[in-house]
Amino acid sequence: MAEPLLALREVGHSFGGLSVLRSVTFDVPEGGIIGLIGPNGSGKTTLFNIVTGYIRPLAGTITYRGAPLVRETIQQRGLQGLVRTFQTPQVFEQMTVLENVMVGCTKLTRTTMLQDLLRTPAARGQMREIRARAEAACERFGLTALRELPAASLTAGQRRILEIARAVIGEPRLLLLDEPSSGLNVQEIDGLREWIVRLNEEGITILLVSHDMGLMTVARTVHTLYFGEIIASGDMAAIQRDPRVREVYLGV
Amino acid sequence: MNPRTLLWLVPCLIVWAVLPFVVPRNIADLLVFTGIYTVAGLGIGLLLGHCGIVNLAQATFYGLGAYASAYCTVMMGLPSIVGFLAGAAISMALAYVIGRPILRLTGYFLALGTLALSAIASALFFEWDWLTGGTLGIGGIPKLDLFGFLLDRPSRYYFFVWIVAFACMAVAHNLIDSRTGLMLRAMRDSSTAAAALSIDLQALRTKVFVVCALFGSLAGSLFAHHASFVSTQSFTVDRSISFLLIPVIGGATSIPGIVVGALFVTFLPELLSKLGDIHQILFGLALVAVVVLMPEGLVGAFAKLRTRFARKGGSHG
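Chains as they are written, first to last, in the UniProt record's numbering: chain R, 1 to 252; chain U, 1 to 317.
In short, the hints are calculated from the structure, not lab data.
If you're wondering where the values come from, they're calculated on a predicted model, not measured in any experiment.
Every residue, glycine too, gets a C-beta built ideally from N, C-alpha and C.
A portion of the hints provided could be inaccurate.
Covered by chain U, according to a simulated footprint, are these stretches of chain R (three or more residues, beta-carbon under 8 Å) [said to hold, decoys possible]:
1) 75–83
2) 92–99
3) 102–113
4) 119–131
Where chain R lies over chain U, by a calculated footprint (3+ residues, C-beta under 8 Å) [as the list claims (entries may be wrong)]:
5) 171–179
6) 191–204
This is chain U alone, in the form it adopts within the complex (with noise of 0.2 Å):
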């Protein structure tokens, strides 16, 4: 690691360790939020910076992992880790099934696929109330227990929380590293040459796509256990949509943008809703501002933003 990166990740984790005790207990909520947000964020960062695929079902995948975690704990009584490998297997296991097929089309065509998924799920977890409780939900999903040491309060189960978004945020940055990353950049630059130099796009496309559904399902799980009340409401095509938002908003193919972008979807619209009624206006105002000024997201706008001024500066000298 070179000493400029060191410079500002120091401090960056100084701040992350200290947050949760010096912030007000709502913010250190909303903090447990953003890594929760980041873990389901990263599925779709990939899907779309690397694959050029707009996926609009992260909701369904969230829900999976969350109705996992409640039904496994809550009405079997198994341990946690349970909840969590179920669901895991649950949404890979779909997403492989569902992704075969749909993942043939592309574009606006696929985005709509993606949706009917999301539609679809959120309408069964309503309708099969023998296993979600439909909208009276599942309560009472018991908090993680780590070794005897009980994440009961938003302060412990943040670092919990954090930890696994960073290891995500690892197993991602591997992944765009890797001989797959590769290959998936080629596919989204132009698959008619990476057909050409035998690149199998339909199967790399498939494995993405169970990996983001991995990444969806965590943080569902994640969620059961900080909420402890599960219901339908938490996993509508909304959820999804403001799941999208969050690499279009930090920036796609950054992983500290879509940190970035979960910090956004996470605590606007909170402080906008100090401001009344306008608050959802005021969010979706600045959902536009960022998608048309900053295409390439926050981070993609502060990274052009630096090079400018960096040129401007070797102007000088």
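This is chain R alone, in the form it adopts within the complex (with noise of 0.2 Å):
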């Protein structure tokens, strides 16, 4: 079997006396959308946490394309491609939305500070290879039409879209979506679901963690985490057959 692009290993951690991720084991396979449910509490935008370096984990290992991550800051493992959104949509409230997306092509380029306070040729050339990439994206992912609105002005849902939009111009190869469908409606659901399905198919492995069962379908393994243990992993159908998850879950 192929190495996975993302492998926990009895990753634990607690804060203060409180164990909030008790041994948490499982792979995401290159490619793969995976799924990860569990009531509130049970543990989730922890190792979301864990995984993208905001917090270090007190037990367990972490490896990411074969090499372990351990002192690797929150940037260093962007620059690895393992980009996350957040659970409530953190948009850069006073600049554009377009400005938004720019943003999040930063990365890719590289200019020096004085470079910039001169403004060479090569920083002006960046400036504008990053906007050409930014408006290509703003049309992509339908906000052409929004895009020299300030972020504060969005909607819930068009938030999501730009916090998607603004990890995919990076060129993310794991791509970590925290509850992305809440303050969601339906038909915005239903957009979601099938951005992440062409997100995935264009080569990006996704970890989606989420409450809603009707999204989570488009996972290919659901595991299952209640209080910082996963009680159940298959597909989404297994799992909602699973008299644990039906029990401690689902709550029948």
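Two chains, each in its own frame: build the complex with the hints.
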């Protein structure tokens, strides 16, 4: 079997005396869509924070593309293609939609401070490239009509799409989506679902955290997290039949 | 450049060019100070408006620039350009060394950290009298000589200072408009999301702090050659506070706002001082009024007013 893109082995974490993750082990195969469900407080977001470098785990190992992730900063992980979105969309409120997307593209280019201060031809060229790419991304994600608006004026659904566009323009290998359907209406969730499938077909591996069982059916494998442990794994149909999952999560 | 910009830019330039010849000498002197303060204020504006950082240490870098110019020209007899360069180099190095640790702090803690820096520097300027002359200061700093043209009158120095100020404004504008500027604004709006997009917050803040110090030092050198005398009184914490007021009053995200803020802090105390002892209270009240009534500064308030009128006009048409 091919080596997984991301592998978690016995990852554990606690805040103070409160154990949030006991021992979490699972793989994210390259090219897959992996789902993670679990009730509130089961440790999903903590796991995201650990993988993306916001928190350092107290136990266990994480391997990404065959190499262990230990001291790498959030930024370094981002440069390696690990990109996340947030449970509450984090858009740059005072910037326009286009500028938001442009920020996502800055990591693909390099300028020095001096070049930027003096607006050298190299700096100008990079900015033109960033703008062109961002305009193309806006077009693609249906944000063109909104692109001169401040991000603060967007609806919840538009913010989600903007956040995803901003992440995707940075060419992620593994995209981690934290509750992407929260605050969206049914139509918007359908749109989001299509995006997840399309991005995956383009070669982006996806790790999806959600409460939304309907959205979760896009995932090929779903892991159920309960009090910091994986209690069931399988496709969504199998998960929904699993008696333990029904008991702890669906409440039936 | 679009014709509408030209429409207001051309008259502004004409007024700017004629001004030093038609105003009395003391006003020309204040206009020179406005230019110097604009340079210093631009750095703070970049930090405040684009990084959300309150820098209360600008008088430190202003002092370093001024003392470097004074020491190099008076004590060592070197050409004035050496003073400018030495001040810039020392200020930028200090900003880097101090910026790395203190820029980890955020909000009020960072503001207090920079305030401490200003207090320490101000004490050292006083204590190290072998270098700075202490309260006696260093006098006899020569006027700048530009290829044989001596800038010995406010009306002459005015042009030099303002050309430097315009150059600094252009540089600041470049930065805001650049890739770095994009990352700065992203960091200001949401540092969590900026980090997720691989923006190195720490490095970015340090770089802008270094640029801010460069502007401060440049302003200090300009000041030294204008006043021809520097002493500790010019580089106290009070001065750091009045530098911070420049972007706060004018509008931190706007470059013309910095000029407006610089005009405010140079001219208003002078105008109010004619009213006698009460002037400091009046200046304080004016500050409070601006900060409370116009949180985005004078330029921000003006822009808001204009959109309101434009909307009214639109509804009639």
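Going down the list of hints, with the structure as the test:
Three residues within the 8 Å Cβ limit are the bar, and the stretch 75–83 of chain R against chain U gives 5, so the coverage statement holds. With a cut-off of 8 Å between beta carbons, the stretch 92–99 of chain R has 5 residues touching chain U; three or more are needed, and the interface restraint holds. As drawn, the stretch 102–113 of chain R meets chain U at 8 residues by the rule of a beta-carbon pair under 8 Å; at three or more, the given contact holds. With a threshold of 8 Å between beta carbons, the proposed coverage of the stretch 119–131 of chain R by chain U holds, since 5 of its residues qualify and at least three are required.
Beta-carbon proximity to chain R at under 8 Å applies to 6 residues in the stretch 171–179 of chain U; the threshold of 3 is reached and the given coverage holds. For the stretch 191–204 of chain U, the stated coverage by chain R holds: 9 residues have a C-beta nearer than 8 Å to a C-beta of that chain, and at least 3 were required.
Of the numbered hints listed earlier, not one is contradicted by the structure.
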